[in-house]
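There are 2 protein chains.
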Amino acid sequence: MTGSRWSEAAPGRRRGPELERAILDAALEQLSTVGWNALTMEGVAAGARTGKAAVYRRWPSKAELVVEVLRAGLPSLGEIEDHGSVREDLHRLCVRMRDVMRSRAGEALRAVLHECDHIHADRFRGVIWKGLHEPAQDLIRDLVERGIKRGDVRVDAAAPFVTDVIPAMFMYRAKVYGSEWEDPDIAELIDRVVVPMLRP
Amino acid sequence: MTGSRWSEAAPGRRRGPELERAILDAALEQLSTVGWNALTMEGVAAGARTGKAAVYRRWPSKAELVVEVLRAGLPSLGEIEDHGSVREDLHRLCVRMRDVMRSRAGEALRAVLHECDHIHADRFRGVIWKGLHEPAQDLIRDLVERGIKRGDVRVDAAAPFVTDVIPAMFMYRAKVYGSEWEDPDIAELIDRVVVPMLRP
Numbered sequence: 583m584t585g586s587r588w589s590e591a592a593p594g595r596r597r598g599p600e601l602e603r604a605i606l607d608a609a610l611e612q613l614s615t616v617g618w619n620a621l622t623m624e625g626v627a628a629g630a631r632t633g634k635a636a637v638y639r640r641w642p643s644k645a646e647l648v649v650e651v652l653r654a655g656l657p658s659l660g661e662i663e664d665h666g667s668v669r670e671d672l673h674r675l676c677v678r679m680r681d682v683m684r685s686r687a688g689e690a691l692r693a694v695l696h697e698c699d700h701i702h703a704d705r706f707r708g709v710i711w712k713g714l715h716e717p718a719q720d721l722i723r724d725l726v727e728r729g730i731k732r733g734d735v736r737v738d739a740a741a742p743f744v745t746d747v748i749p750a751m752f753m754y755r756a757k758v759y760g761s762e763w764e765d766p767d768i769a770e771l772i773d774r775v776v777v778p779m780l781r782p
Numbered sequence: 583m584t585g586s587r588w589s590e591a592a593p594g595r596r597r598g599p600e601l602e603r604a605i606l607d608a609a610l611e612q613l614s615t616v617g618w619n620a621l622t623m624e625g626v627a628a629g630a631r632t633g634k635a636a637v638y639r640r641w642p643s644k645a646e647l648v649v650e651v652l653r654a655g656l657p658s659l660g661e662i663e664d665h666g667s668v669r670e671d672l673h674r675l676c677v678r679m680r681d682v683m684r685s686r687a688g689e690a691l692r693a694v695l696h697e698c699d700h701i702h703a704d705r706f707r708g709v710i711w712k713g714l715h716e717p718a719q720d721l722i723r724d725l726v727e728r729g730i731k732r733g734d735v736r737v738d739a740a741a742p743f744v745t746d747v748i749p750a751m752f753m754y755r756a757k758v759y760g761s762e763w764e765d766p767d768i769a770e771l772i773d774r775v776v777v778p779m780l781r782p
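Chains as they are written, first to last, in our numbering: chain A, 583 to 782; chain B, 583 to 782.
These aren't lab readings, by the way, just hints derived from the structure by calculation. For every residue, glycine included, the Cβ atom is placed at its ideal position computed from N, Cα and C. Careful: at least some of the hints might be erroneous.
For each label pair, taking beta carbons as the anchor points, the in silico distance ranges come out as [as the list claims (entries may be wrong)]:
| hint | chain 1 | residue 1 | chain 2 | residue 2 | range |
| --- | --- | --- | --- | --- | --- |
| 1 | B | D720 | A | K757 | 17 to 25 Å |
| 2 | A | I701 | B | A654 | 24 to 32 Å |
| 3 | A | T615 | B | D720 | 39 to 47 Å |
| 4 | A | G633 | B | A645 | 37 to 45 Å |
| 5 | A | H665 | B | W711 | 35 to 43 Å |
Between the sequences and the hints, there should be enough to build the whole structure, so can you do that?
So this is what it looks like as structure tokens:
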């Protein structure tokens, strides 16, 4: 393709999507190393081997750039295939949620939240909500409905408060205990709270 | 008593505990009206009709004064008498938790958290933890154990993850939905999540 030939010939003059990717990568690198307060548009531009104007043309502020970095960097929860029991299905989901928060963007997100002011925190929390909690709730509802059909979940369990419990426990234990959600914690959550709550 | 005669004679020269009370009242008044950022030790002293030195002598910084105001101002959860079922007992507990957060100090605490920086937020969250979540967890454990003895709670339910669920749901829904926990929300939490989770 012409694009890649051009890139090979002149690595400093990349096309749109490729340059955007380089900027986002450089910004995630900066976030992970120097953090939110010390991140600068100049530093990101330098990391991406481009000019400051190329960054500002796409993201008018540091906050908008960082929202995009976190949004684009957070792995998707994906689908959960049927493992034959609601216990196993929801266990897999919790492992995925934990892994999203342990991803490079997830770690950066938590560090940023620990460092930024309240107004920015609200925007960054929106990224967790849209990127993790909302899809998790949708998935949980699907898995609960699958369990109702299968017969290992009570028929009235596909309800809002019920689907909140797993994300609520993730948020609470992270805040209160600074928990990292090791595998035994996930097993406890599933066996002590989730499965009893859902059984027919 | 000599103390009260003295106060009546010279209202501006109150004794220790009385003056402390006046300073804490004035500080809560300031927090509730102008908020954390605009609160000043001078303003608090003026509100308590005393001098700035009298405030600083007791609390060397604004943060320490505010921690004390919130700590002292948050109503206690108290005891929950036996209402004959775990459903009713935990329902009462949730109503109390909601009422603590709706108290004047509870509202001030939430407003302060929304306004202050991260380092202060950690200290103020400590007040919620010590003043609300920790006593709530202790009470929940007692009520669950009462239910086990009564026979309307499964015998292995008095466990850490289980006692986290109510405070976790309070925190999550407040953060994510800005929920004010109206009575029907509490009923949903109890009937959809808590009672199913605990039934034998």
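Compare the structure with the hints numbered earlier in the document and write down the numbers of the violated ones, lowest to highest. none
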